[in-house]
Amino acid sequence: MSAVEVEAVTKVFETRTDSVRALDEVSLTVADGEFVALIGPSGCGKSTLMRLIADLDEPSAGEVRVFGMPARQARLERAYGIAFQQAGLLPWRTVRANVELPLELHGASAAARRARADELVELVGLGDFADHHPDQLSGGMQQRVAIARSLAEHPRLLLMDEPFGALDEMTRERLQGELLRIRTETGAAVVFVTHSIPEAVFLADRVVVMSPRPGRITEIVDIDRPDASADPESMRESDAFFRSVTAVREALHGRDTAAERGATASGATAPEAAARGVETR
Amino acid sequence: MTDTATRQIALGQAGGRRAARRHWSGQGWVRVAAPLALGAAALGVWEAAVHLLDIQPYLLPAPSAILDQLVSAIGGIAQATIATGTNALIGLLLGAAVAVVIAALASRVRWIDQLVAPLVAAIAVVPIVALAPVLQTMYGATSEMPRILVVAIASFVPVFITTLRGLRQVRPVHLDLMRAYGASGWQATRIVTLPGAVPYVFGGLTIASSIAVISAVVAEYFGGLQNGLGSRIASAAAQSGYPRAWAYVVASIVLGLVFYGVTLLAERLASRWAHIPIT
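Heads up: the sequence lines are chains A and B, in that order. At the far end of the first sequence sits residue 281, using our numbering, and the numbering has no gaps. At the far end of the second sequence sits residue 1279, using our numbering, and the numbering has no gaps.
Only chain B is shown next, with the shape it has when bound in the complex (with noise of 0.2 Å):
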């Protein structure tokens, strides 16, 4: 540890930017190794005490027993995930784009956004337990469309907010250069409103990503189709397969992840490629 210390000190007032770039390349390596060493001994803690203390699977099922019913049931579960991903997803896109659609025209017409700001405090605050039962019954048992909807509204509103502040960065200066060319409304709206607003759509949905996901689980539990991580989670409970109900839980984390992952990445690049800076 001193040893590679005094050597990166060493390389440091040798070698100067190189020196400083491995150094960084270090920690990052410690960065992704160090929570993987904790989740490691964490899990490597849960098994042995579900062990030694004997607790039962209805209260906490062993790791490896999660383990052991994610091999073996991975193809119905791989299912419930495409089948959940895709409601989410869905409903994802679905709820971004109203949201881009109706920030925008809020930001251009003063009547619209009056009349909008109160009903997107009101659907910020509907709470989606609420919502999915009453979906559920208006378009019946058969249909994906309650699920999609729910998360369509849960992930509009962080959209809608982020978009409509990308909206308004617009400088004066810019507003300057537009009239004094004589750019139409329109051009001024492509050329620089609507490109400097990227960057923060990406950033709201980096935020709606995972509530969206969480929302396609969580309307499964109110009826419909039972093909989703939400209705095998709760199957599985009810019949007592402890073990089942948390390989599919561990499913959904994952299918977060995934989202949470893919927007992200998302994000950065269209920061970078408007040179915005987005902390």
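This is chain A alone, in the form it adopts within the complex (with noise of 0.2 Å):
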């Protein structure tokens, strides 16, 4: 069963003075345990489409479906763990507490929230920190700790819009590879909004490229992973991520223009890049 299933959904906002098309028939199939980014300039409709998807809005047309059910009934049932770009953590509690949040929401009992949440805690390297206060933490701690929420009740849907975004470079990279990590151990299925070219492409098996006015997507483009058993860092100095990046550029900018400058830029990869460009359309 797919894990996403969005048929031809289109999502109008209204302002007192007009209405905004933030996306325009979209649809997209992501299969159970797949990891899809969704990138796009401003505006173009990938955090609407993610928040249609966790049911936080309602489609104006169309229909979203989770494991088969309809989106409502899918947010109702749990099925699925959310992150944000901010961490979101309630500051008046701590880091276990936090973690603990949705468990005592759906009436966990307190061992087995406990359990749960020290577990949790430490798969994203927290054990230390598991009875500070958030604002004790580091921005990408914080975020640690927010994506251990998210996982708090084994979802088999992961929804994550930026959650990197507000981190520096080297704090992100590390958060990225933690996260490809606990994607394999939990086997989830990803949909991951980015406006980072290199991080959709080091991240997802397709990166769903999408346009603004109105929100679109243009293509899908399919990425070479490495092998399960190699390490994930090795992936972002290989020649398939950055023939994956180009293509992903080129989708995002246009064919011309992106050749043009990886002639003069990026030098021997550029051409065969290209082409590669050429051969999936």
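Don't read these hints as lab results, they were simulated from the structure. Heads up, a few of these hints could be off.
As the list claims (entries may be wrong) - Take a look, some chain A residues computed to stay more than 10 Å from chain B by CB distance:
#1 Leu56
#2 Ser60
#3 Glu63
#4 Met69
#5 Arg78
#6 Arg96
#7 Leu101
#8 Asp118
#9 Asp135
#10 Arg181
#11 Ser196
#12 Arg225
#13 Ala230
As the list claims (entries may be wrong) - Partial selection, computed: residues in chain A whose CB lies under 10 Å from chain B:
#14 Ala54
#15 Gly81
#16 Pro91
#17 Gln136
#18 Met235
#19 Asp239
Cβ coordinates follow ideal geometry from the N, Cα and C atoms, glycine included.
From these two lone chains plus the hints, build me the complex, please.
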């Protein structure tokens, strides 16, 4: 069964003076266990699409199904875990109590909550900080807590809206690596909104490229992923990685300009990348 | 002076943070001592001026005369302080409780908010001086109720305004999160909204605390029971017992400071508990 099915979804935001077509007849399927990145310039509707899947907003037309259920039912049955650009931790709760929050809301026993929270805090490498409060943690650590919280109920689907968007580059790359590891351990499907091309390519099985006004999917780029046995970090310097980055960039900016820029800027890999771009078309 | 300064610089270079802390504690000591010294000096000047310039007690009694009265009438002063303090405390808690409940309703229900906003504005400008005699007539001369109500009405406004502000501090990401988890409206209120508003409630209480004591004292000037500080000040002044009147004034200052100090401490603790810095 597919984790997510989006069928001809349109979302129109009505303002006082006019209406904005954030998404226009968008269709997308995410397989169970698949990692899909949504990328595009601001206003392309990538976050809106994720919010529709999460049932935080409702589509104006079309249908969203999560594990075969209507989005609303999936939300109420806690079919997904979610993380945002802001960690959104409750400042008066400790790290552990923040991770326990979804379990507490759904009536898990105190002992079960604590056991699961300790496990998750360990998983994201914050074992020594379980009793700290969020204001004692760095931005990267707060975001790890948010990820731990999103995993609390063993979701088969993770929805992430630029969770590393506010972090510095070093922290960001480390957390990307950890997310891949966690994802391998849990086998969950992931819908990951980002506006970083390398991030999308490093993480995803497929990168969905979107364009604004109105929000549409312009292209879906399959990523050559290294063997599961290989160190995921080695991917960052592989030729396949740079080819995929170029392919996504071309899809984002349009072929001609990207090929031109590639030929002058990145030397030897450019012609090959351009050729690959033509091939997929 | 320069000696300690150089020592502190030397310590600062050698001992780092510990020396810096010692430096701060030195400043803290000065912060307490300086106003005390100023106060003592002012009292000295006051005492000297009364004697040297031969100022009459009905204009300004000497601090020593006021102190005499404070010591000799301490039992009566304590009783009056407790009577007024009790009224202020009950009125403050009553006004604050009503304020928190109505603020909670206004933050949840739009039409209640719209209904209450102009009423609160009206209450905010009600002069307690005008209200006290009316309530006094309503409840009669033997009831504590008029004074308590005056305090409650005066305390209501600051607590209501700050609480409502606190309840509206909820961040959109927290609301999204609560919705994503399928939390009920009550769960979201209990887990996100109310804890975040707690420091603001105490901030409002701190503002209301001094208003409560002032209102409780002032309300006694308009008749009713004669057991509190306000009525004692009025009757002492009427009987030309000026140093005694001033002794009761001192007691009301102490009462106000106690109220303010306790609520300020509570505010600090609430802010620390919630990890929300209150400026």
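Evaluated hints:
A:Leu56, annotated as away from the interface, has a beta carbon of chain B within 10 Å; the closest lies near 5 Å. No beta-carbon of chain B is positioned within 10 Å of the beta-carbon of A:Ser60; the least distance is around 19 Å. Every CB of chain B is more than 10 Å from the CB of A:Glu63 (nearest about 20 Å), matching its label as outside the interface. With a least CB separation of 13 Å from chain B, A:Met69 remains clear of the 10 Å interface cut-off, as annotated.
Remark: the non-interface label on A:Arg78 conflicts with the geometry, its nearest Cβ contact in chain B lying 7 Å away (cut-off 10 Å). For A:Arg96, the non-interface assignment is confirmed: its Cβ lies about 15 Å from the closest Cβ of chain B, beyond the 10 Å cut-off. Annotated as non-interface, A:Leu101 brings its C-beta within 10 Å of a C-beta of chain B; the closest such distance is 7 Å. At roughly 20 Å from the closest C-beta of chain B, the C-beta of A:Asp118 stays outside 10 Å, upholding its exclusion from the interface.
Chain B draws A:Asp135 into its interface by the beta-carbon criterion, the shortest separation being 5 Å against a cut-off of 10 Å. The Cβ of A:Arg181 sits about 24 Å from the closest Cβ of chain B, beyond the 10 Å cut-off, so the non-interface label holds. Non-interface status of A:Ser196 relative to chain B is upheld: no Cβ of that chain comes within 10 Å, the nearest being about 20 Å off. With a minimum CB-CB distance of about 29 Å to chain B, A:Arg225 clears the 10 Å threshold, and the non-interface call stands.
Every C-beta of chain B lies more than 10 Å from that of A:Ala230, the closest at about 34 Å, which supports listing it as non-interface. Hint status for A:Ala54 relative to chain B: holds, with the closest Cβ pair at about 6 Å, below 10 Å. Among the interface hints, the one on A:Gly81 holds; its C-beta lies about 9 Å from the nearest C-beta in chain B, closer than the 10 Å criterion. Interface hint status for A:Pro91: upheld, as the beta-carbon distance to the closest one in chain B is roughly 4 Å, under 10 Å.
Below 10 Å, beta-carbon pairs count as interface contacts, and A:Gln136 has one with chain B at about 9 Å; its hint therefore holds. Evaluation of the A:Met235 hint against chain B yields a violated restraint, the C-beta minimum of about 31 Å exceeding 10 Å. Interface hint at A:Asp239: violated, since its Cβ lies 39 Å from the closest Cβ of chain B, which is beyond the 10 Å cut-off.
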